[in-house]
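Enquirer: Residue-level listing of the chains:
Protein chains: 2
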Amino acid sequence: MNFSDLIKTRQSVRGYSDRPVELEKLQMLIESVRLAPSASNSQPWKLIIVDDPALRDAVARATFSSAISFNRFAPQAPVIAVLTVGKSKAITQIGGWMKKREYLLIDIGIAAEHFCLQAADLGLGTCMLGWFDETTIKKLLEIPRGIRVGLLITLGYPAEGYALRPKSRKALEEMCAHNSYQHNSPRS
Amino acid sequence: MNFSDLIKTRQSVRGYSDRPVELEKLQMLIESVRLAPSASNSQPWKLIIVDDPALRDAVARATFSSAISFNRFAPQAPVIAVLTVGKSKAITQIGGWMKKREYLLIDIGIAAEHFCLQAADLGLGTCMLGWFDETTIKKLLEIPRGIRVGLLITLGYPAEGYALRPKSRKALEEMCAHNSYQHNSPRS
Chain A
1 MNFSDLIKTR QSVRGYSDRP VELEKLQMLI ESVRLAPSAS NSQPWKLIIV
51 DDPALRDAVA RATFSSAISF NRFAPQAPVI AVLTVGKSKA ITQIGGWMKK
101 REYLLIDIGI AAEHFCLQAA DLGLGTCMLG WFDETTIKKL LEIPRGIRVG
151 LLITLGYPAE GYALRPKSRK ALEEMCAHNS YQHNSPRS
Chain B
1 MNFSDLIKTR QSVRGYSDRP VELEKLQMLI ESVRLAPSAS NSQPWKLIIV
51 DDPALRDAVA RATFSSAISF NRFAPQAPVI AVLTVGKSKA ITQIGGWMKK
101 REYLLIDIGI AAEHFCLQAA DLGLGTCMLG WFDETTIKKL LEIPRGIRVG
151 LLITLGYPAE GYALRPKSRK ALEEMCAHNS YQHNSPRS
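Here the protein sequences line up with chains A and B, keeping their order. Take the first sequence: its position 39, counting from 1, is numbered 39 in my numbering, and each next residue is one higher. Take the second sequence: its position 185, counting from 1, is numbered 185 in my numbering, and each next residue is one higher.
Because the hints were derived from the structure by calculation, they are not lab data. In this text, all values refer to a predicted model and were calculated from it rather than measured experimentally. Incorrect hints may appear among the rest.
Note: identical chains are not told apart, hence a pair may lie in one copy or across any two.
[Claimed, not checked] Cut-off 27 Å, straight-line C-alpha distance, at most; resulting in silico cross-link-like pairs (DSSO-like, lysine-lysine):
| hint | residue 1 | residue 2 |
| --- | --- | --- |
| 1 | Lys8 | Lys170 |
| 2 | Lys139 | Lys170 |
| 3 | Lys25 | Lys8 |
| 4 | Lys138 | Lys25 |
Use the sequences and the hints to build the structure in full.
Expert: Following this line, the structure appears as structure tokens:
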């Protein structure tokens, strides 16, 4: 599948079958994060694969509450990947408006999307979860002080019949410009 | 090319030929950003394609100085893509340690990497530039108040003979863990 087709099939999957994820595929997903680029090649992340059933269930339950219910599907996923954020290199702290922390988050976005695109290319579904109880997750996964939880990603085979949804996106004119923020995108 | 091969060929390209980038390829790159996922589908970006020679040169020169010289190659690139960051949706402001601004930067990382991977799949080279003189770039590209410059990306065909470098990355044990931050990555 070429990249332009891959990004059309990649979507947030919020329903999973209980088919386990093969170790070989898991290793390809880990490798996709390992090879991700980062500011000054600082690789400020650690990826924790959570598949122990009781632990995974506890982590999944720390991504929703009675008030915040949009992640209620998370316990269905056979694997939860937790992307933690460590320290960046000193060089990434200089310059422009960008601060160390901001580079770190751009890097986390890149690494997380490598994981999700690699999963889609292997027929697996993912969903990035940005809401979670960080204190609980840090305790469950023995994450040291000074290391933050960046994102959680659910992983598994989509539930039977889980459909590819049409993508709802801004029109080209709204998201692209040409030689000035004020001009329309390039055209033939 | 499948995704695991694509991420091996994607690298920062810091030397370009003067061969122009075809409009059709440029449109595929824009589409790869348009389809990128974002927190609550907020799509908080605008992509400015800069290819007017004088303007592109001025933008490129705002990415280095006598003290910060690592982007000195930027004026070689026939195109510079500027990813600006606008506003997120209210819903992405709730929850966890994540603040609105942090989601925005994760989203920018995802969108920028879509651009770079799509380029690699089309035989084009890119380099993300995180250091730049934001005030100058905002003025050159007529970017309104309240909109920030997130990242710049150089784009073009790699210079003749530009080689694929081996990737220098952390070992698996350093960047991956299994069911606890303290345990080794999953193994067969």
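Enquirer: With reference to the structure, classify each hint as holding or not holding.
Expert: Structure-based check of all given hints:
1. Lys8 to Lys170: The answer is within: 15 Å in one copy meets 27 Å, while 31 Å across copies does not.
2. Lys139 to Lys170: So lysine 139 and lysine 170 pass the 27 Å test across copies only (25 Å; inside, 40 Å).
3. Lys25 to Lys8: both (21 Å within a copy, 17 Å between copies)
4. Lys138 to Lys25: Within one copy only: 26 Å inside, 44 Å across.
Violation of the numbered hints given earlier is absent; every hint is satisfied by the structure.
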